[in-house]
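2 protein chains.
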Amino acid sequence: MNAYKQLEARQKRMAALGNALGILNWDQATMMATGAAPARAEVMSELSVLRHEMTVDPRMGDLLDEAEAGDGLDNWQSANLKKMRRQYIHATSISADLVARKSRLTSETEMAWREARPANDFATLAPMLEETFEILREEAAGLSQTLGVSPYEALLDGYDEGRTEAEIDVVFDDLEAFLPGFLNEVLEKQASAAAPKPLEGPFPVETQRKVARQIMEIIGFPFEHGRLDDSHHPFCGGAEGDIRITSRYLEHDFLSGLYAIVHETGHALYENGLPKEWRGQPVGEAQGMTLHESQSLLLEMQAGRTKEFIGHISPLLAEAFPRGDAWEIENVMKHYRKIERGLIRVDADEVTYPLHIILRYRLEKAVLAGDLKAVDLPGAWNEMMQNLVGITPPSDVDGVMQDVHWPAGLFGYFPTYSLGAMTAAQMFAAATTAEPGIFPGLAQGDFKPLFGWLDKNVRSLGSSLSAGDLIEQATGAPLSAAAYKAHVKARYLDA
Amino acid sequence: MNAYKQLEARQKRMAALGNALGILNWDQATMMATGAAPARAEVMSELSVLRHEMTVDPRMGDLLDEAEAGDGLDNWQSANLKKMRRQYIHATSISADLVARKSRLTSETEMAWREARPANDFATLAPMLEETFEILREEAAGLSQTLGVSPYEALLDGYDEGRTEAEIDVVFDDLEAFLPGFLNEVLEKQASAAAPKPLEGPFPVETQRKVARQIMEIIGFPFEHGRLDDSHHPFCGGAEGDIRITSRYLEHDFLSGLYAIVHETGHALYENGLPKEWRGQPVGEAQGMTLHESQSLLLEMQAGRTKEFIGHISPLLAEAFPRGDAWEIENVMKHYRKIERGLIRVDADEVTYPLHIILRYRLEKAVLAGDLKAVDLPGAWNEMMQNLVGITPPSDVDGVMQDVHWPAGLFGYFPTYSLGAMTAAQMFAAATTAEPGIFPGLAQGDFKPLFGWLDKNVRSLGSSLSAGDLIEQATGAPLSAAAYKAHVKARYLDA
Chain A
1 MNAYKQLEAR
11 QKRMAALGNA
21 LGILNWDQAT
31 MMATGAAPAR
41 AEVMSELSVL
51 RHEMTVDPRM
61 GDLLDEAEAG
71 DGLDNWQSAN
81 LKKMRRQYIH
91 ATSISADLVA
101 RKSRLTSETE
111 MAWREARPAN
121 DFATLAPMLE
131 ETFEILREEA
141 AGLSQTLGVS
151 PYEALLDGYD
161 EGRTEAEIDV
171 VFDDLEAFLP
181 GFLNEVLEKQ
191 ASAAAPKPLE
201 GPFPVETQRK
211 VARQIMEIIG
221 FPFEHGRLDD
231 SHHPFCGGAE
241 GDIRITSRYL
251 EHDFLSGLYA
261 IVHETGHALY
271 ENGLPKEWRG
281 QPVGEAQGMT
291 LHESQSLLLE
301 MQAGRTKEFI
311 GHISPLLAEA
321 FPRGDAWEIE
331 NVMKHYRKIE
341 RGLIRVDADE
351 VTYPLHIILR
361 YRLEKAVLAG
371 DLKAVDLPGA
381 WNEMMQNLVG
391 ITPPSDVDGV
401 MQDVHWPAGL
411 FGYFPTYSLG
421 AMTAAQMFAA
431 ATTAEPGIFP
441 GLAQGDFKPL
451 FGWLDKNVRS
461 LGSSLSAGDL
471 IEQATGAPLS
481 AAAYKAHVKA
491 RYLDA
Chain B
1 MNAYKQLEAR
11 QKRMAALGNA
21 LGILNWDQAT
31 MMATGAAPAR
41 AEVMSELSVL
51 RHEMTVDPRM
61 GDLLDEAEAG
71 DGLDNWQSAN
81 LKKMRRQYIH
91 ATSISADLVA
101 RKSRLTSETE
111 MAWREARPAN
121 DFATLAPMLE
131 ETFEILREEA
141 AGLSQTLGVS
151 PYEALLDGYD
161 EGRTEAEIDV
171 VFDDLEAFLP
181 GFLNEVLEKQ
191 ASAAAPKPLE
201 GPFPVETQRK
211 VARQIMEIIG
221 FPFEHGRLDD
231 SHHPFCGGAE
241 GDIRITSRYL
251 EHDFLSGLYA
261 IVHETGHALY
271 ENGLPKEWRG
281 QPVGEAQGMT
291 LHESQSLLLE
301 MQAGRTKEFI
311 GHISPLLAEA
321 FPRGDAWEIE
331 NVMKHYRKIE
341 RGLIRVDADE
351 VTYPLHIILR
361 YRLEKAVLAG
371 DLKAVDLPGA
381 WNEMMQNLVG
391 ITPPSDVDGV
401 MQDVHWPAGL
411 FGYFPTYSLG
421 AMTAAQMFAA
431 ATTAEPGIFP
441 GLAQGDFKPL
451 FGWLDKNVRS
461 LGSSLSAGDL
471 IEQATGAPLS
481 AAAYKAHVKA
491 RYLDA
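Heads up: the sequence lines are chains A and B, in that order.
Using the numbering used here, read the first sequence as starting at 1 and increasing by one per residue.
Using the numbering used here, read the second sequence as starting at 1 and increasing by one per residue.
These are computed hints drawn from the structure, not numbers from a lab.
Careful: at least some of the hints might be erroneous.
Because identical chains cannot be distinguished in the list, a pair is counted as satisfied if it fits within a single copy or across any two copies.
Claimed, not checked - Derived lysine-lysine pairs resembling DSSO-like cross-links, with alpha carbons at most 30 Å apart: (1) LYS102 to LYS5; (2) LYS489 to LYS189; (3) LYS189 to LYS307; (4) LYS489 to LYS373; (5) LYS12 to LYS334; (6) LYS5 to LYS189; (7) LYS12 to LYS102.
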């Protein structure tokens with residue numbers, strides 16, 4: 001067996017461990033009895049360590065060298081080999097000691113965050129957070145050298161391979177110039193409009209569960225290759241060929257729960273549409289988090305909120321939860337068009353959301369560069385929040401302590417949320433231009449025209465192209481905020 | 001780290017893979033969408049191969065030699081080391097080629113059996129079955145040399161370590177002399193007795209599920225460390241510290257479904273009672289299938305069918321499924337005391353069951369010795385069935401083709417069912433003699449007195465003793481059919 005084929009065999013085995021971990025993780029969140037948690041943690045830790053050892057096995061390095069020196073690989077195989085090398089670099093550029101320190105410290109800091117948050121006690125958290133930042137600086141410095149990119153890009157690379165700060169800045173600078181003024185305009189317009197007819201609870205949970213499943217069936221969730229279950233936090237997980245999404249249901253809130261399911265269904269359909277012949281290989285995996293988020297947001301925020309699709313599902317909703325004529329399309333759309341200056345990212349609407357992300361992006365870059373200390377974060381946060389969103393958090397609970405990402409040691413993760421939203425808008429615009437059948441399809445609950453475009457231009461490509469190249473090839477232009485801006489203008493000002 | 005500690009670390013990792021496989025297997029039977037089956041099969045196969053490679057790793061042999069040459073191990077560690085050596089012998093005594101041929105051939109033969117069975121076509125199955133037998137002869141010959149036991153014992157060793165043919169013969173010869181005559185007596189007595197008041201369906205499945213859970217709670221199934229779900233065939237699986245049992249419910253048949261759950265709960269409580277400090281090590285595992293089956297049958301056939309326990313649960317059953325006074329203790333007991341000359345092992349009552357096993361034991365020994373060919377099995381089967389149970393199968397579907405075991409290449413497995421039944425009777429007799437609180441406890445749904453005895457004498461011992469030694473230590477006598485004979489006499493003749 002030549003070196004490349006040997007690498008494929010090794011990857012297949014690592015993927016099997018990854019798939020097993022995916023199901024174990026799903027099971028832990030949905031099925032497992034609580035008393036089994038310590039035993040499960042041990043099993044998952046052993047499997048993770050085993051997979052890591054396979055990744056950093058020196059023989060991998062030899063095989064990679066050998067395969068790269070050879071020839072005769074087709075485009076996909078070459079892309080696959082490139083991904084393997086990237087993973088190898090990520091796994092081996094950092095010393096085992098640093099990995100161990102980071103793992104220990106971030107779990108401690110995350111635990112400290114869980115305690116400090118309800119007490120609004122940032123002062124206690126700050127020193128541990130600073131230690132975590134110090135580790136991240138060390139990690140970024142090491143990776144940055146091997147990858148030949150900036151320290152921030154080195155961390156970003158773990159979530160969105162090859163993404164550059166320059167690309168992000170083009171988008172975020174544009175948004176920062178546009179959104180605050182736009183937000184004023186929208187709020188002014190909304191203040192003068194009549195309130196929508198109420199769509200209030202209770203929405204019985206069992207009925208919500210049934211409706212969620214119906215909507216997933218309409219969209220085309222592959223129930224022969226996956227499941228829907230309950231968990232505390234919605235997620236899309238499972239394994240290759242076996243996509244498990246979860247949701248939770250609040251009796252007083254139906255619409256946001258419904259769209260959480262549409263969101264996860266978008267993730268699921270991306271996973272399910274990845275090239276089956278490349279399962280178990282890096283090139284067959286989803287291409288990073290910006291693209292993943294673009295696929296969930298394309299369903300949740302673009303296709304799922306067109307008047308065509310709302311019109312298709314509103315009779316179903318009206319039957320499940322009778323509220324007179326409040327389910328009329330325009331009224332439903334008024335509900336989810338509600339824009340607010342909010343403090344909390346996860347509750348933010350699509351207009352203010354990018355501002356939350358820009359704030360985090362600017363701050364974590366300053367932290368990484370050593371220009372900002374943990375202890376100074378609350379002040380910097382609150383000031384920037386006022387500048388960008390126009391409000392100041394009354395406490396750190398609603399400010400710097402709201403997200404788990406930094407205590408958990410995740411830097412470079414936040415930008416992918418908004419890059420995903422920009423990508424979703426740009427792709428939906430390109431798709432609906434290229435395929436006139438998409439809107440009429442949505443009006444009948446037929447996603448085939450849209451999914452035909454997505455299958456061809458996104459899902460079936462796996463990781464064979466970088467996210468940037470894929471977006472450009474699919475939409476004819478590099479990623480920008482233009483489509484998103486046009487989208488929010490049309491939805492919030494022109495409508 | 002010394003050799004023994006290194007072996008422990010390796011075992012822990014193999015156990016993690018085993019536990020992951022346990023959950024994946026459970027998920028496959030209960031949760032997984034059907035379309036995910038091929039992907040799941042690949043994942044499970046990769047993990048199994050990985051575990052096998054760890055087992056046969058030559059370094060294991062070196063470490064075993066080194067650890068065995070050392071000293072300073074306590075009793076449990078020594079027992080652990082002995083188990084590791086035994087597993088190593090089993091995994092390495094057979095060539096990789098034989099393992100591969102056996103795996104391929106037995107899956108083909110099992111598939112052929114699935115097709116031949118509905119067509120009652122033994123003639124087509126026979127040649128493949130003979131090939132499977134030939135492989136089993138080869139495997140037994142190889143293992144027999146390394147283990148220094150008879151070829152049949154070599155196969156038996158995979159299910160019930162250290163069990164000898166002599167031990168089985170003592171029990172089975174006794175049963176063969178006793179049961180046919182006893183069966184005549186019981187049937188004569190039953191023929192002259194009045195039929196019990198009927199306990200007929202429909203029993204709504206949802207209510208059965210609820211009652212099953214209630215009964216499990218009464219017995220003490222550890223729901224904080226496990227689950228009950230539905231599957232086609234009831235089983236007890238999952239992982240260490242996370243026991244998953246399953247059942248299925250038939251609307252027309254409640255009692256047998258209920259006792260299937262009590263049976264699986266017995267398996268679950270054995271697993272749950274294994275020594276937690278030895279989790280992940282061979283000595284912390286259940287000690288073979290005879291003991292495992294003894295623990296399920298002790299609940300199902302002994303404690304669960306005492307008039308004390310029936311009396312405790314009959315009000316609950318009467319409330320769930322109102323049938324007038326048919327739930328009175330004596331009437332329920334009449335129902336499950338019904339004895340029949342049946343053709344099918346899995347439907348057999350506790351009196352005829354051992355006869356089905358003796359038949360299989362005699363035949364598979366003859367096959368292994370080369371004294372019986374596959375093609376002659378139907379004739380031999382039918383003749384022995386007539387001699388032992390007193391009826392002749394009208395077709396091979398109800399005869400030699402009823403079980404999957406032989407097509408699947410499982411020889412030496414059958415005896416453990418009846419050795420388990422004998423062990424259950426012997427243990428229950430010993431426990432109730434030693435602990436006067438057991439019967440009063442059962443009358444109040446309190447299993448603590450019984451489980452105190454089982455925890456001390458069985459569960460907490462893991463694999464630190466051989467099954468034979470454990471039984472003798474627990475009951476004061478080597479395994480025999482005496483307690484079982486006394487039990488069936490009391491239940492079916494004296495009652």
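Which numbered hints turn out to be false for this structure? 4, 5, 6
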